[in-house]
Amino acid sequence: MRDLPNILAVARREFLSRARTRTFVLGTLFLVLGVVAIAFVPVIVSYLDRTEKTTVAVWADEPSLATSAAGTLDALLNAPTGQSVPGSPAETDFEVRAVNDLAAARAAGGRGDYSAVLAIERTAGSDLKFTLYTDDPATGRTAQLVRQATTAIAIADRLDRLGVEPADQASLFAPAEYGVEWFDPARTEPTQDEADFGTRYLLGFGMTILIFMMIILYGNWVAMSVVEEKSSRVMEVILNAARPFQLLTGKVMGVGAVAGVQYLAILAAGAVALLIQGPVRDLVLGDGGGSIELPEGLTIGLLVEFVVYGVLGFTLYAVLYAAAGSLVSRQEDVSQVVMPMALISTAGYMIAVYAGTGLLDIRSGAIVVLSQVPFLSPFLMLSRSAAGEVAPWEIVLSIVLLLVAIAISLWIAARIYAAGVLLYGQRPSLRTIWRLARTGM
Amino acid sequence: MSLEVVDLRKRFGDVQALDGVTFAVAPGEVFGFLGANGAGKTTTMRIVLGFLQPDTGTVTWAGSPAHDWPRRTWGYMPEERGLYPRMLVLDQLVFFASLYGVPRGQARRDALEWLARFRISDYADRRAETLSKGNQQKVQFIATILQDPDVLLMDEPFAGLDPVNVALLKSAFLEMRDRGKTLVFSTHQLDQAEELCDSVAIIDRGRLVTSGSTRDVKRSTGHQTIRLATSGDGDLEWLRSISSVQVTRPGRDYTELRVEAGSDPQAVLRAAIARGDDVYRFEVADPSLEEVFVERVGALDVEERTLASASLEGPA
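Just so you know, the sequences run in chain order H and Z. Here our numbering is used: position 297 in the first sequence is 297, and no number is missing along the way. Here our numbering is used: position 186 in the second sequence is 627, and no number is missing along the way.
For the record, the hints were derived by calculation from the structure and aren't laboratory data. Among the clues, some could well be false.
[As the list claims (entries may be wrong)] Covered stretches of chain Z, as calculated for chain H (at least 3 residues, CB under 8 angstroms): (1) 460-467; (2) 490-500; (3) 519-532.
Every residue, glycine too, gets a C-beta built ideally from N, C-alpha and C.
With the hints as constraints, model all of the structure from the sequences given.
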């Protein structure tokens with residue numbers, strides 16, 4: 001391919017002149033630090049939490065009840081919660097103390113010695129009555145946990161009174177067996193539980209937004225860069241040396257490479273931060289609990305799809321951004337002429353987000369059809385893919401359609417570009433653009 | 442082995458930008474393309490370079506269509522100078538040359554050599570925007586020739602240059618010619634063209650007015666010019682009485698006269714001697730290109746004249 005050397009030379013210049021600027025280096029550094037900081041938020045939070053110990057006092061009008069209730073409360077408050085999500089804050093340590101003077105405990109609580117004081121009294125009907133004295137919000141985490149614990153204490157007390165041995169009580173509380181199956185008996189893959197759906201939705205959402213940002217931000221860069229070459233009048237110099245097609249393709253590649261480097265830096269920083277989070281957490285917090293798992297649903301296949309749709313989607317939009325940029329002579333006019341691309345990509349992104357979150361039915365025919373439309377497929381296919389709602393042939397078809405659309409766009413864009421870069425002054429009308437695209441000159 | 446432009450026509454909307462432009466440039470010559478702003482010089486060059494498609498007409502170089510030749514055949518210096526403002530001078534020269542397929546190492550060596558010749562070596566590692574206009578123009582010229590093109594097309598190369606840089610550029614022109622390159626440049630500074638060009642073409646509102654060797658074009662009007670200085674200067678009446686002669690430039694230093702075609706210039710000399718004046722200067726010459734231009738096209742309008750004379754201070 002004899003165009004390649006020039007395309008690469010243009011891409012190289014574009015990349016270097018962008019990547020060497022201080023704004024780019026500092027901006028990337030800032031983003032990387034931001035991502036690392038966000039990734040380490042759980043560790044930081046649990047580290048900060050660790051320093052404060054919540055102390056709860058328990059008082060009962062029967063001393064034996066106070067001791068046993070304190071024991072139950074301690075066990076429940078400090079138990080590892082079953083639904084602990086990877087990366088969530090480590091459990092706060094509670095200290096539970098049985099006291100025998102309610103008034104003194106309340107006074108001490110007022111001085112800040114206790115976060116809460118739980119008073120237990122036996123009513124006339126011999127059931128237990130709980131009162132929580134605290135200055136913290138009644139809906140706070142401690143209050144919530146204590147409230148859950150009181151139910152357990154009350155039930156244990158009732159069972160005691162019915163004569164059930166403590167050892168038998170454990171089997172009473174054991175959870176029953178429970179399973180979820182598909183309607184279709186032929187389907188064998190594991191069903192999706194709630195948490196799984198959440199991470200899948202987040203994955204689809206995150207990937208769609210990354211592609212959308214790439215198109216909007218770096219597409220604009222492409223257009224800006226074309227206008228820069230026009231307004232500095234360097235365009236005619238390079239136009240003598242290279243064909244418009246080469247200039248356009250090289251520019252899209254160069255800016256694409258800049259975008260790729262920035263994305264790679266950010267994603268790599270995020271991945272490394274997640275991977276070393278376990279060891280760092282062990283080091284800082286001294287417990288050996290935390291191995292970090294990858295989010296559920298994040299498969300190699302999905303990552304490859306993300307890269308493919310990202311690259312193709314960006315290319316499709318960027319060549320049109322370049323053509324649009326060639327039509328104006330001033331940077332102020334860029335935002336106006338790139339409007340059509342901005343609108344279409346926003347539409348694709350919004351539909352993908354609505355479909356991903358269930359506001360639109362992701363299995364509806366309209367979404368399935370729209371997800372094959374080249375300008376929308378980078379967003380919609382990822383959304384459907386992340387939700388696990390797509391057949392392999394659909395992905396292949398959409399990629400083929402994207403490639404065809406890129407070839408057509410490139411052909412049209414190169415013609416508009418060839419004529420547009422020589423136009424100065426008034427922004428051409430739609431009719432002129434059509435004429436340019438048709439005749440090329 | 443020449444650059445042949447045959448019957449170019451090009452219409453932009455309602456404007457007939459070119460209406461049958463035909464001329465030939467012999468290899469190794471310096472060719473001046475003369476016309477007012479908007480006459481069609483830039484459009485012609487853009488068609489020769491293939492940026493624009495003509496509605497009709499052909500451009501050939503050495504017998505083959507111009508667009509069949511590799512890009513490095515053509516060197517182009519556009520009217521509006523263009524460099525990447527924030528790119529280092531040497532970097533962009535190497536970039537431009539590499540687009541033509543020149544190896545980076547060689548491009549670097551050649552660029553440094555040319556920068557030294559233009560006495561701007563110190564600016565090699567400076568951003569282009571920090572250079573003065575004159576120095577940017579030198580960089581622009583180097584960018585035009587680094588790929589060693591056979592044909593150089595330059596649009597108003599002298600516009601905006603001070604006399605020192607004009608002289609530098611002229612000597613570079615002549616060196617390129619001596620290396621066997623073909624040079625085509627457009628200008629509306631007719632004295633520059635007269636000094637440098639082997640051949641010229643005059644174009645007006647998209648139409649070719651005349652073309653040929655500079656001497657033939659100057660003689661094409663048929664009349665001649667006399668420059669005369671005598672002891673009787675200041676009294677022009679006797680000159681006006683000679684019917685075949687017109688005073689075109691009454692001056693303190695000398696008087697310029699136009700002799701109609703077919704008349705004998707020597708009649709003026711004889712008349713002066715007959716009057717008993719001392720003759721300090723008597724010169725018979727072809728009319729200047731400017732005179733030809735004025736006669737064939739009409740005066741460059743006032744604005745053009747101002748621009749032409751002001752072009753020493755700024756770009757036209």
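How the hints compare with the structure:
no. : hint    : verdict
1   : 460-467 : violated (count 0)
2   : 490-500 : holds (count 4)
3   : 519-532 : holds (count 9)
When each numbered hint is compared with the structure, a violation occurs for hint 1 only.
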